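Chemist: Sequence:
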Amino acid sequence: MDDKLDDLSLGNQQRVQLAASLIHDPDMLILDEPFSGLDPVAVNVMSDMLRERAARGVPVIFSSHQLDLVQRLCDRVGIVTKGHMVAEGGVDKLRSQGPPRFEVATPARGWYPEGTELVAETPDAVVVQADPSVDDQTILQAALAAGPVHSFGRKIPDLTELFQDVVTSNQNEEA
Numbered sequence: 000m001d002d003k004l005d006d007l008s009l010g011n012q013q014r015v016q017l018a019a020s021l022i023h024d025p026d027m028l029i030l031d032e033p034f035s036g037l038d039p040v041a042v043n044v045m046s047d048m049l050r051e052r053a054a055r056g057v058p059v060i061f062s063s064h065q066l067d068l069v070q071r072l073c074d075r076v077g078i079v080t081k082g083h084m085v086a087e088g089g090v091d092k093l094r095s096q097g098p099p100r101f102e103v104a105t106p107a108r109g110w111y112p113e114g115t116e117l118v119a120e121t122p123d124a125v126v127v128q129a130d131p132s133v134d135d136q137t138i139l140q141a142a143l144a145a146g147p148v149h150s151f152g153r154k155i156p157d158l159t160e161l162f163q164d165v166v167t168s169n170q171n172e173e174a
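Numbered according to numbering that gives the first Met the number 0, the sequence shown terminates at residue 174, and the numbering increases by one at each position without gaps.
Note that these hints are calculated values from the structure, not bench results.
Possibly wrong hints are sitting among the right ones.
As the list claims (entries may be wrong) - Ranges of calculated distance between the beta carbons of each label pair, as one might list FRET restraints: (1) Ile-155 <-> Asp-26: 32 to 38 angstroms; (2) Pro-112 <-> Leu-21: 53 to 59 angstroms; (3) Gln-163 <-> Pro-25: 30 to 36 angstroms; (4) Ala-18 <-> Gly-114: 52 to 58 angstroms; (5) Leu-143 <-> Val-118: 19 to 25 angstroms.
As the list claims (entries may be wrong) - Calculated cross-link-like contacts (lysine to aspartate or glutamate; reagent style EDC-like; alpha-carbon spacing at most 16 angstroms): (6) Lys-154 <-> Glu-102; (7) Lys-92 <-> Asp-164; (8) Lys-92 <-> Asp-157; (9) Lys-81 <-> Glu-172; (10) Lys-154 <-> Asp-130; (11) Lys-154 <-> Asp-134; (12) Lys-154 <-> Glu-120; (13) Lys-154 <-> Asp-164; (14) Lys-154 <-> Asp-135; (15) Lys-92 <-> Asp-74; (16) Lys-92 <-> Glu-160; (17) Lys-154 <-> Glu-116; (18) Lys-154 <-> Asp-91.
Source: prediction; values computed, not measured.
Cβ coordinates follow ideal geometry from the N, Cα and C atoms, glycine included.
With the sequences and hints as input, model every part of the structure.
Modeler: Shown next, in the form of structure tokens:
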């Protein structure tokens, strides 16, 4: 086969680079954007391979902007912005830190009590972020006073939301 690496699709280039990195059974894997250009089947194969290596005790370190995959695969993460590590730790621990958020399934709008902030909304629900001094019952009672509430619960941010919060907070501190 006389094809050059540059002539291959991005996904096939990734496969060749991964094969080259694994051929010597390294003691550690450091990968840059390993899922870039891969189709969903190849992403699953790559994910399984990384999990298998980690289960064998091989440290696997990779950079990625596909935070849904990072959340699914990693025990620990570091968030880097402008060349600086701004958050680091266990995925679940990082996701549970920060001000509490509550998802309220209600058509009512504008009812948010003092000490809360609207952070997301859809036609059927809102997500409010609360100061630590505001308890969940205060938020629920305010929502009920404004109209029907179909469901109410704590919302743990996913890694994408956490990344956005951390980077935005870091930018605000620099301003």
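Chemist: If a hint holds in the structure, say so; if it does not, say that too.
Modeler: Each hint tested on the structure:
For Ile-155 paired with Asp-26, a C-beta distance near 35 angstroms keeps the hint of 32 to 38 angstroms intact. Between Pro-112 and Leu-21 the Cβ separation comes to about 54 angstroms, which falls inside the hinted range of 53 to 59 angstroms. Between Gln-163 and Pro-25 the beta carbon distance is about 34 angstroms. The supplied range of 30 to 36 angstroms therefore holds. For the hinted restraint 52 to 58 angstroms between Ala-18 and Gly-114, the CB-CB distance of approximately 55 angstroms keeps it satisfied.
Checking the proposed 19 to 25 angstroms range against Leu-143 and Val-118 shows it holds: the Cβ atoms sit about 20 angstroms from each other. With a C-alpha separation of about 6 angstroms, the suggested pairing of Lys-154 with Glu-102 holds against the 16 angstroms cut-off. Our distance criterion of 16 angstroms between C-alpha atoms is met by Lys-92 and Asp-164, whose separation comes to about 15 angstroms. A C-alpha spacing of about 12 angstroms is found between Lys-92 and Asp-157, which places the hinted pair at or below 16 angstroms, so the restraint holds.
Restraint check for Lys-81 and Glu-172: satisfied, since their Cα atoms lie roughly 13 angstroms apart, inside the 16 angstroms limit. Using a Cα cut-off of 16 angstroms, the hinted pair Lys-154 and Asp-130 holds, with the two alpha carbons roughly 14 angstroms apart. Only pairs whose Cα atoms come within 16 angstroms are accepted, and Lys-154 paired with Asp-134 is accepted, the gap being roughly 14 angstroms. Between the alpha carbons of Lys-154 and Glu-120 the distance comes to roughly 13 angstroms, so the proposed pair stays at or under 16 angstroms and holds.
Restraint check: the Cα-Cα separation between Lys-154 and Asp-164 comes to about 14 angstroms, which is no more than 16 angstroms; the hinted pair holds. With a C-alpha separation of about 12 angstroms, the suggested pairing of Lys-154 with Asp-135 holds against the 16 angstroms cut-off. With a CA separation close to 10 angstroms, the supplied pair Lys-92 and Asp-74 stays within the 16 angstroms bound. About 14 angstroms separates the Cα atoms of Lys-92 and Glu-160, which keeps this hinted pair within 16 angstroms; it holds.
Taking the CA atoms of Lys-154 and Glu-116, the gap is about 14 angstroms. The hint holds against a cut of 16 angstroms. For a cut-off of 16 angstroms, the pair hint linking Lys-154 to Asp-91 stands: about 13 angstroms separates their Cα positions.
Going through the hint list in order, the structure satisfies each hint without exception.
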